[in-house]
Structure formats: structure tokens, C-alpha cells
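> Single-letter residue listing:
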Amino acid sequence: MLGRGSTTLTKFRSTFEREVTALFNAQFQRIFRVLHRFSGDADVASDLAQEAFVRLYRRGEMPDAPSAWLVTVSLNLMRSMRSRDARRLEILTSSGFEGEHVDDAALADHAMVRAETARSVRQTLDRMPPRQAQLLLLSVEGFSYREISAMLEMHEASVGVALGRAKKVFRDKHESLLDAS
Amino acid sequence: MSHFSMHPDHEQLYRWLDLELVGDEAETVRLHVADCAICSRWLAELSADANSNDVTASLSLLDVPPPVVSARDVLVRADACRRAQTTWLRAAAMLIGFAGVAAAAVSPGVRRAISTATNWVVGAPTAAPSIAPEPASPETAASSKTALDDEGIAVTPTGKYRIAFRYRQREGVVNVMLKDSGTVVVRAPRGSVTFESSPTQLRINNQSALTSYYVRIPRTATQVEILVGGRRVFFKVGERVESVFRANADGNWQLPLTLK
Chain A
317 MLGRGSTTLT
327 KFRSTFEREV
337 TALFNAQFQR
347 IFRVLHRFSG
357 DADVASDLAQ
367 EAFVRLYRRG
377 EMPDAPSAWL
387 VTVSLNLMRS
397 MRSRDARRLE
407 ILTSSGFEGE
417 HVDDAALADH
427 AMVRAETARS
437 VRQTLDRMPP
447 RQAQLLLLSV
457 EGFSYREISA
467 MLEMHEASVG
477 VALGRAKKVF
487 RDKHESLLDA
497 S
Chain B
338 MSHFSMHPDH
348 EQLYRWLDLE
358 LVGDEAETVR
368 LHVADCAICS
378 RWLAELSADA
388 NSNDVTASLS
398 LLDVPPPVVS
408 ARDVLVRADA
418 CRRAQTTWLR
428 AAAMLIGFAG
438 VAAAAVSPGV
448 RRAISTATNW
458 VVGAPTAAPS
468 IAPEPASPET
478 AASSKTALDD
488 EGIAVTPTGK
498 YRIAFRYRQR
508 EGVVNVMLKD
518 SGTVVVRAPR
528 GSVTFESSPT
538 QLRINNQSAL
548 TSYYVRIPRT
558 ATQVEILVGG
568 RRVFFKVGER
578 VESVFRANAD
588 GNWQLPLTLK
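Protein sequences appear in the order of chains A and B.
If you read the first sequence in the numbering used here, its first letter stands for residue 317, the second for the next number, and so on.
If you read the second sequence in the numbering used here, its first letter stands for residue 338, the second for the next number, and so on.
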């Protein structure tokens, strides 16, 4: 009897591990990209994305909406990290481009322009309300309105208008930054 | 499929632009907008906001290659976390256990309760005679109430001195420490045993007892021996100590009373 129960548990764990693995392969890069764009730090994004999967694995069962669950957990982790160590995050955010590989070609004009534009995009995101920036990033990443509403705990019927506003805010702020520079 | 009887609101138009509407819903909006000048104008304004291409292109400038991490790495990390958590929980449980033991050792109330419960379990009388040490000489201290509130006896040995536990016990130990003080001190939980003291000997009537004892011996004592059930288990002569049991890391001895 014990042996049968043990076998069942092993099978369950094995099945669950396969589910987690499949989800990881499908979603990890998306979640990493959202977190990296939001935080400006690849290490933080990677760590938090992995931590979300670790928590899912330790949870022992799939939530109803796994992708939404993972994003919600990772964004909550990032919020906790920000409130816990605001100064550290400031340093990390400002150093977002320091790790980017720049070879000799980066000295060329187009590379410099690209780097400047990227810097202004970073600043634009930093100046947006966090929730609005997250909404924008999740949408650009291809998550549906329903998924976004679950991730950000907002009413699904208001996602479209909020998203349209977020895009407009992003454009306006970005343009004003480019004009100022 | 039916046309909107009213204009679709902005949310509906955004959803239509973002391809969030499917089937009949999408077709209904499309037909309405095709026939409605007002909604066509709204749609033209909103589509500029809804368009994500420029935003997507801008945001992609931030991207870096994703880290090389596999699902296996994450599973290993999860297992490591689980093991660490288990270890931590075990440590916490041990800590709580030690704290409980310490509380029991320190608190006479708790200790008495444990002693009473133990005696009740093994069938021993719960109300043993109180310890009534017999001062054998002016140097012999009377009943010594220690800082730990045990009952015991303190004697200043003048020469050879014997501490005799008259009986072996089913459990319990004698914790022996060498101290710089000038007196031999023997402590036991209150009510567990009685003492008989003379200038050269202390006899502990420990029949049916299940407790442990603390014995402090002056480093300067000339000669002190400890007997359990008539068998010598500890012998100190001058600075030399002989025992069938080794001293622990603290330099103390723990002599079992369960000798065979």
C-alpha cells in the first residue's frame, strides 16, 4: 500500500515537473524580458523570473492561470525588492546599460544614437507610474487583456482604455525627453 | 450578428483595434464603424494611440540576450531552497527543544511538574521526604539552596571525602564539575532524594529516583571519590582525576547512574 502511494506521489511529482518545465520553456524569456525592461537590470530580472518559477515548483500544483500567476509573483517580488532596498535599485537602474556589450562598432554614429535612444526609453519608463509601465510592457509582450487584468489585478473591461492611455503617456514623455536632449 | 444599437465605447474600440474581440463581437463593431461617421472619427484618433509598433520598437532597444538558464537549473534551485528550509525548520525545532529543556532546568515549577509526572508514570511516590541534610560539623553547611533553586548540600571536606550514590538508577547521570570554590556541593531536584552527611562522606539515598545530579568538587580538594551502587566511578587525588568516563569538552564529567 505504501509502495503504491509512493509510486503515485513520484508519478505526480514527475508530471508536475514536466508541466513546470514546459511552462518554463514557454514563458521564462517573456517574463525575463518584461522584468528586465521594467527594472533595467538583467541580473535582477533573471533572478526574480527564476524565483517565480521556484515558487511555482514549491507550490506543488498549477494555478488556474499559470502565466498570470508567474508574472504577478515576479512583479510582487520586484515591488518588495524596491521597497526594501530603494537605493540599491536606483543604482541598478542607472547601471542598466553598463553591462551591455559595446565593441568598436558602438563608436559609430548609429550605435551612439541607438544607445541614446535606449537611455531615453529607460528614463521614460522610469518616469511613468509603475503600474502604467507594467501595463504597457505586458501588452507589448503579447499578453491578452484577460491575462493582464489578472496579472495587475484590474478590471478586464478597463484594460483597453488604460492601455491606450499608457501608450500615449509613453510617447509624450519619450518625445519630450528626446526634444530636451 | 447585429449592429450596435448604440455607439461602441472606447473600450470596445480599443479591444477591436487590439484584436481582443473575436467572432460576432468583432464583426458587430466592424459593421458599425463602417456605417458610423462618428465612430470612424473616434477610431482614427484611437488607432494612433492603440498602435504598438513604435512603442514595441522603442522598448526593444532595452533588450539584452536572455540568461542561459534551463528549467533544470530552476528545479535544482527549488530543491535547494526546500532543503534549506527543512534544515532551518529542524534547527528551529531543536532550538525550541533546547529552550524547553533549559526552561525545565531553570524553572523549579516546571521541573517539579516533570518530576511529579515522571514519578507518577513509574509509580514512585510524588511526595518524597524533604531533604534534611545533617550538618556533621560546624564547617558543614546546612541545606544549601543554590541559585538554580535545587535542593542539595554543601560540605567543606577536610581530607578524604566520599560521595556515595547508594543505588544505581534506571536513568539519570551525575554531572561533575571542578570548581575553584572550597566546598563540595551536591544538588538534586527538590524532593527527589535524601542526604546523609558525615565529615568524610555524603550518602545519597536515591532509591527509585530517576533524576540527575550536579556535583561540584573543589579543585583544591585533597581526595574525593564518587561511588554509584558501591562502585567507584570517579576519583580525584590532588590534581589528578581518574574516571572510567572521559571528561567532555568543557572539562566536566557526566557519570551515568545506570551502571551494570
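Keep in mind that the hints are not guaranteed to be accurate.
[Stated by the list, open to error] Only part of the chain A face toward chain B is listed, based on derived beta-carbon distances under 8 Å:
#, residue
1, F332
2, Q343
3, F344
4, S383
5, W385
6, H426
7, V429
8, T433
9, R447
10, H471
11, K484
[Said to hold, decoys possible] Over 12 Å on every C-beta distance to chain B, these chain A residues come out as not near it, computed from the model:
#, residue
12, R334
13, G356
14, A361
15, E367
16, V370
17, D380
18, T388
19, E432
20, S436
21, S455
22, S460
23, L468
24, A473
25, G480
26, R481
27, D495
Read the hints as simulated data drawn from the structure, not as lab findings.
Computed from a predicted structure; not experimentally measured.
Backbone N, C-alpha and C fix where the C-beta goes; we use that ideal spot for every residue, glycine too.
> Each of the hints needs a verdict: does it hold here or not?
Against the structure, the hints:
Interface hint at F332(A): violated, since its Cβ lies 10 Å from the closest Cβ of chain B, which is beyond the 8 Å cut-off. A hinted interface residue such as Q343(A) counts as satisfied when its beta carbon comes closer than 8 Å to some beta carbon of chain B; here the least separation is about 11 Å, so the hint is violated. At its closest, the beta carbon of F344(A) sits 7 Å from a beta carbon of chain B; the interface hint therefore holds under the 8 Å criterion. Given the 8 Å rule on beta carbons, the hint for S383(A) is violated: about 15 Å separates it from the nearest Cβ of chain B.
Checking W385(A) against chain B: minimum C-beta separation of about 15 Å lies over 8 Å; hint violated. The beta carbon of H426(A) is not positioned within 8 Å of any beta carbon in chain B (closest approach about 12 Å), and the interface hint is therefore violated. This hint is violated: V429(A) has a C-beta 10 Å from the nearest C-beta of chain B, more than the 8 Å allowed. The beta carbon of T433(A) comes within 6 Å of a beta carbon in chain B, closer than 8 Å, and the hint placing it at the interface holds.
A least Cβ separation of about 17 Å between R447(A) and chain B goes past the 8 Å threshold, and the interface hint is therefore violated. Evaluation of the H471(A) hint against chain B yields a violated restraint, the C-beta minimum of about 10 Å exceeding 8 Å. The beta carbon of K484(A) is positioned within 8 Å of a beta carbon in chain B (closest approach about 5 Å), and the interface hint is therefore held. Its closest Cβ contact with chain B, about 9 Å, brings R334(A) to no more than 12 Å, contrary to its assignment away from the interface.
The beta carbon of G356(A) is not kept farther than 12 Å from every beta carbon of chain B, the shortest such distance being approximately 7 Å. For A361(A), the non-interface assignment is contradicted: its Cβ lies about 8 Å from the closest Cβ of chain B, within the 12 Å cut-off. Not every CB of chain B lies more than 12 Å from the CB of E367(A), the least distance being 8 Å, so the non-interface label is violated. With a minimum CB-CB distance of about 4 Å to chain B, V370(A) fails to clear the 12 Å threshold, and the non-interface call is violated.
Under the 12 Å C-beta cut-off, the non-interface status given to D380(A) relative to chain B holds; the minimum distance is some 20 Å. For T388(A), the non-interface assignment is confirmed: its Cβ lies about 18 Å from the closest Cβ of chain B, beyond the 12 Å cut-off. With a least CB separation of 10 Å from chain B, E432(A) falls inside the 12 Å interface cut-off, contrary to its annotation. Listed as outside the interface, S436(A) is inconsistent with that label: its C-beta sits roughly 9 Å from the nearest C-beta of chain B, within the 12 Å cut-off.
Non-interface status of S455(A) relative to chain B is broken: a Cβ of that chain comes within 12 Å, the nearest being about 7 Å off. Not every C-beta of chain B lies more than 12 Å from that of S460(A), the closest at about 7 Å, which undercuts listing it as non-interface. Even its closest Cβ contact with chain B, about 16 Å, leaves L468(A) beyond 12 Å, as expected for a residue assigned away from the interface. The non-interface label for A473(A) is inconsistent with chain B: the shortest C-beta to C-beta separation is roughly 6 Å, within 12 Å.
The Cβ of G480(A) sits about 4 Å from the closest Cβ of chain B, inside the 12 Å cut-off, so the non-interface label is violated. The non-interface label for R481(A) is inconsistent with chain B: the shortest C-beta to C-beta separation is roughly 8 Å, within 12 Å. The Cβ of D495(A) sits about 15 Å from the closest Cβ of chain B, beyond the 12 Å cut-off, so the non-interface label holds.
In summary, the numbered hints that this structure violates are 1, 2, 4, 5, 6, 7, 9, 10, 12, 13, 14, 15, 16, 19, 20, 21, 22, 24, 25 and 26.
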